[in-house]
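4 protein chains.
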Amino acid sequence: MIVFLDSHISQSNLDELIRFLKSHGIVYEEIQHQESHFLYLSAGISELQTEDIERFPGVDQVTNSVDEHPAVSSLKDSFSIKINNRVISKKHFFLIAGPCTIESEEQLDKIAISLKQSGINFLRGGTFKLRTSPYSFAGLGINGVEILANVATRHKMISITEVTEISQIEYVSSKIDILQVGTRNMLNYPLLQELGKINNPIILKRGMSSSIHEWLLAAEYIVKAGNPNVILCERGIRTFENYTRNTLDISAISAVKNLCNLPIIVDPSHSTGRADMIKSVSWAAIAGGADGLIVETHYDPTEAICDAPQHIDIDLLKQIVKPLPNLLKLWNKQQS
Amino acid sequence: MIVFLDSHISQSNLDELIRFLKSHGIVYEEIQHQESHFLYLSAGISELQTEDIERFPGVDQVTNSVDEHPAVSSLKDSFSIKINNRVISKKHFFLIAGPCTIESEEQLDKIAISLKQSGINFLRGGTFKLRTSPYSFAGLGINGVEILANVATRHKMISITEVTEISQIEYVSSKIDILQVGTRNMLNYPLLQELGKINNPIILKRGMSSSIHEWLLAAEYIVKAGNPNVILCERGIRTFENYTRNTLDISAISAVKNLCNLPIIVDPSHSTGRADMIKSVSWAAIAGGADGLIVETHYDPTEAICDAPQHIDIDLLKQIVKPLPNLLKLWNKQQS
Amino acid sequence: MIVFLDSHISQSNLDELIRFLKSHGIVYEEIQHQESHFLYLSAGISELQTEDIERFPGVDQVTNSVDEHPAVSSLKDSFSIKINNRVISKKHFFLIAGPCTIESEEQLDKIAISLKQSGINFLRGGTFKLRTSPYSFAGLGINGVEILANVATRHKMISITEVTEISQIEYVSSKIDILQVGTRNMLNYPLLQELGKINNPIILKRGMSSSIHEWLLAAEYIVKAGNPNVILCERGIRTFENYTRNTLDISAISAVKNLCNLPIIVDPSHSTGRADMIKSVSWAAIAGGADGLIVETHYDPTEAICDAPQHIDIDLLKQIVKPLPNLLKLWNKQQS
Amino acid sequence: MIVFLDSHISQSNLDELIRFLKSHGIVYEEIQHQESHFLYLSAGISELQTEDIERFPGVDQVTNSVDEHPAVSSLKDSFSIKINNRVISKKHFFLIAGPCTIESEEQLDKIAISLKQSGINFLRGGTFKLRTSPYSFAGLGINGVEILANVATRHKMISITEVTEISQIEYVSSKIDILQVGTRNMLNYPLLQELGKINNPIILKRGMSSSIHEWLLAAEYIVKAGNPNVILCERGIRTFENYTRNTLDISAISAVKNLCNLPIIVDPSHSTGRADMIKSVSWAAIAGGADGLIVETHYDPTEAICDAPQHIDIDLLKQIVKPLPNLLKLWNKQQS
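Protein chains in written order, with my numbering: chain P, 698 to 1033; chain Y, 698 to 1033; chain W, 698 to 1033; chain R, 698 to 1033.
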């Protein structure tokens, strides 16, 4: 049972309601984020009628919903975040580019200049890397955070990087605009809960073998904890096919839009693992209704120290971007 | 080793070459279709040099290729078939629609009229159905073939139906323009070999758990046997995700184009199993470079006796078709 | 709705019942095999009560079951087939061995002698091969059938081979004891239906990406058509793991035994694709309750012209067989 | 390149070697655990010969191995840990049982008594639970740790629980004998690295969609960081089959034994998700060579507040355990 509260419910009215629930042995959780305030009653409700609750002042609506991600579902189609005087919303298409790994300030600066010239305003770069082998380069760590913050500020771009541990959140969220949860951490619920306590938008990548349902439940962990600014990112799932690194689940775009109002972007780089396929799947994603792309880009892909085969160069990125205005008309969007 | 022959090689020159191969104990196969004529040497070649063969008159080129589907690979980018005075080629986009199952001449006629009015020239309808349960309706059989032939002729449409057994091929290929191999039969190599002996174009659906490599090897069975008119159809693969019926492998479009010149179309109906997703994935497929779509369509989807949840009605089909000219410009194609 | 008939129902009583069903527009199918005789009513039954049917003479029981494989489910735990004076039943464990491909009478004879000396009475050998590549050796065909029949007769063994086309069934079933349906044909329903018209036991391999439910529906095609002598064979499913050729689904043994009384055997060779794993998974299968094994065996695995890496030699087979009596006690079975 | 060092190499000899490597710009890592001490050279080695290193005093052997998990591979077949005066080694079979979730001291005590009476010495119980839904019960947390420690001490059992965050490790490792990494955290490399700094044995569950290769790389993270006491646990992988919760990859037992000397146990509860299958797959696992089992057990499975359908009761556990001595003879093991 879900009890939606009036956004202006008084503390004393809320207290009264909660006393009632406790006195009946009802287990509940209070969920509050900028768009919604409700109580989720999970046990002890078998004898309860919706009317028993609706009579309390400050209660808006009571549903017997079995919705498993009520915080996500309660988000309205008004996703809209202001970062650095730029508004991100589902009316805009946000194109994110940059290298897999930040190698140096020079490298990132050179890439940022090219991106900016191509009209791209979102700069990604990894600095805490989870590598399958413990002998692979694991990123510049905290130094990379500073490089990314400096470069993004210099070029008036919005910065994005991945966090992999709770202990990184406080510092990274103070320096970087958007935090990313990678595919290996979609099921790391303690991390998600901590990310629910900050306000930065969170890009939540789909687990490589997670169902769409489990993905929305992971988003629920963040939204329920207080941060509604979740951007879902489809990055391919693991299947038997090995011509590509993963299998891009293009239908996830439509599925997510059926199920909630969170924006969904697509990562053509990790889903295919092949530069020669990025154009085809990027256009497919945009025409399929994606709200953005996140593309691994380097001025010289052969030099990238991580994931070289899936990086594209700036020229190819420009080709991909060219028909964007035309493609976005399909869904009444414009580029951010 | 592959020995490409001059298209005008004389019989006596060919005989001489073959005598040489036999005298050296070499196992070979002769492959000939309208575009190519070559010998595939598969055993006994360890001591052979390409020069030993190149000196024979009528030999064009000898490669030590380990290409596993040489007949498919040798097809030029000139796929072009004339059916009923209409040319199908990779410069055209072919939109195929119609019901999963032919129920009656009235039903099919009503659908055909609507499709034709929407500018669609390809009419599909199933009549030999492979159903997971032996208690499900298995189609009208031979009667359905006649209904489809009549309706397509009446409306000047190109007809498509699936064959499921060798014994059906002779009759169906005489009445119907394009024959289809379903996902359950992609590995039915005796059936594929027989389809290599006719000239009708063959739509070869991908096996639900077949890799792209295995799919091209299945096409090789048909092309090698003499029929180069193969159209590949991506229809979704089986994965752990069950929000959709299958998972559309959108990257297969790009993969196939990297690997050969066969056209590839997409089946949004079976890959998603959900009418509410057809628009999104159809546009994705077109923008991703697909050469066509095959969409289950009915004037009243709720009435369809098979696969009802994935049929769309004519109005939705019209919406999907509307931006087609614009989308096809991305790849320099036009609608057939 | 399923109408179970008395095994001695008179023709006139049956006719009367069928007239009643037809007059009410009910769609039904009559299923009869040595153990069971029933009508499966699939449409037009919405207004029907079980009492309406139970009152007819010769009707045993009427159920509103939604069991999707009633013919399979109606089989009692009395699977028992007599072949060449040897009884096969679920009280026995049947160990099948032999080469992937019959290469010559000498080869097969040599293998058969070794197997017989090891106490093995079932001889398998492939002669109609479905190969992923059209350039691979496709077997000796009809000649192989005769070799297998001769060798098995000479050594008093039970013979097994795969059929791949309807046209092979009549001849092969007259010469060979047990016919096999390979993983590529589990969904070839026309083939299954024809195999339902003979009496030879049928080994039905699981499709490489078929669910247990779909597998039992494939068995239903055979049993429903009149042949209850189906032996299921788990041979590994396709997953993301590629250390092994397929992933042996060991829990399928238990699942099948929960769902029906058909015997289930395990193919450790195709499920792992690696000789070094055959012992471990064979013992696992026996301890897990399998009713038999089918193992690719050759006197010199390196010489096998097909699937060499997964063949084991006779010595390893003897090691595997050694603890068999002890392992079978777990499930009160003995070796056949 | 891997440089194995003499176990008694002097510090000055080691310093000399490292100076040499640094002066040539070689990137290396030093790995040391109780069984092995080596340097892993990962970059800058292209011009290096093994002889250049072998000449240094204190160097045992230099290999040009491309082994991706050298620390795991260097472990000898002498896995042997002493906990509470009990030795665990691969000569013993360790049977771990207990509830999914610790609910109270009474509950756990009651279960522990039954287990101990059945000859079981390992007690598991979860208290930090990662639940797919944020509304599910997430365990008793730190209180559960104390309950488990108390109950295990009282009954002289070895205790096992899962840790889900770095911050839990210090306390839990001081109270509990064996720490477990769940399937959702196999890719949580920061957590694994911290677990490499303690001495408690670590049960490392396979990621639900991780390959065997990736699993051994995860183990490498722990062993490389200094803790060689890793016990692998196969718990089923995610496939298309949904009759079972996951698909137990029985061949992983044999694969792991081919690739390294770490012990491997099997979790029949999570791999099947069904109490009615536990006996079959447990016996299969033991006969297949597993070094142990971890089974969810409750005195009343219907009362379990988490994973009820896959818990078994003590009576069924006793049935499973009965043939254990006999089964273990297959692999020359005895029960711990």
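Simulated from the structure, these hints should not be mistaken for laboratory data.
Remember, predicted model here, so these are calculated numbers, not experimental data.
Be aware that a few hints might be false.
Since copy identity is lost for identical chains, a pair holds within one copy or between any two.
Cut-off 27 Å, straight-line C-alpha distance, at most; resulting in silico cross-link-like pairs (DSS-like, lysine-lysine) [to be verified]:
1. LYS773 <-> LYS976
2. LYS719 <-> LYS826
3. LYS1019 <-> LYS894
4. LYS872 <-> LYS1019
5. LYS1026 <-> LYS1015
6. LYS894 <-> LYS976
7. LYS719 <-> LYS773
8. LYS813 <-> LYS773
9. LYS813 <-> LYS894
10. LYS1019 <-> LYS773
11. LYS976 <-> LYS1026
12. LYS1026 <-> LYS894
13. LYS976 <-> LYS787
14. LYS787 <-> LYS807
15. LYS1019 <-> LYS826
16. LYS719 <-> LYS1019
Query raised in the report: What label fits LYS787 with LYS807 when the C-alpha limit is 27 Å: within, between, both, or neither?
Result: The answer is neither: 30 Å in one copy and 40 Å across copies each exceed 27 Å.
Query raised in the report: From the Cα coordinates, with 27 Å as the cut-off, is the pair LYS1019 and LYS773 best called within, between, both, or neither?
Result: For LYS1019 and LYS773, the Cα distance exceeds 27 Å both inside one copy (32 Å) and across copies (30 Å).
Query raised in the report: How would you label the pair LYS813, LYS894 (within, between, both, or neither) given a Cα cut-off of 27 Å?
Result: Classified as neither: same-chain Cα gap 31 Å, cross-chain 44 Å, threshold 27 Å.
Query raised in the report: Using 27 Å as the alpha-carbon threshold, which applies to LYS976 and LYS1026: within, between, both, or neither?
Result: Both. Shortest intra-copy (19 Å) and inter-copy (15 Å) distances satisfy the 27 Å Cα cut-off.
**Report entry** Same-copy or cross-copy closeness of LYS1019 to LYS894 [CA-CA at most 27 Å]
**Finding:** neither (38 Å within a copy, 45 Å between copies)
Requested in this report: Classify it for me, LYS1026 with LYS1015: is the Cα-Cα distance of at most 27 Å met within a copy, between copies, both or neither?
Outcome: both (19 Å within a copy, 17 Å between copies)
Requested in this report: Tell me, please, which holds for LYS719 and LYS826 at an alpha-carbon limit of 27 Å: within, between, both or neither?
Outcome: between (45 Å within a copy, 25 Å between copies)
Query - Intra- versus inter-subunit Cα pairing at 27 Å for LYS813 with LYS773 - result: Result: close neither inside a copy nor across copies, 32 Å intra and 41 Å inter.
Query raised in the report: For the identical chains here, do LYS976 and LYS787 meet the 27 Å Cα criterion within one copy, between copies, both, or neither?
Result: For LYS976 and LYS787, both the intra-copy (22 Å) and inter-copy (19 Å) Cα distances are at most 27 Å.
**Report entry** Status of LYS773 relative to LYS719 across identical chains (alpha carbons, at most 27 Å)
**Finding:** neither (30 Å within a copy, 55 Å between copies)
Query - Intra/inter-copy verdict for LYS773 and LYS976 if alpha-carbon distance must be at most 27 Å - result: between (32 Å within a copy, 23 Å between copies)
Query - Up to 27 Å CA-CA - LYS826 versus LYS1019, copy category - result: neither (31 Å within a copy, 44 Å between copies)
In this structure, the earlier hints numbered 3, 4, 6, 7, 8, 9, 10, 12, 14, 15 and 16 are contradicted, and the remaining ones agree with it.
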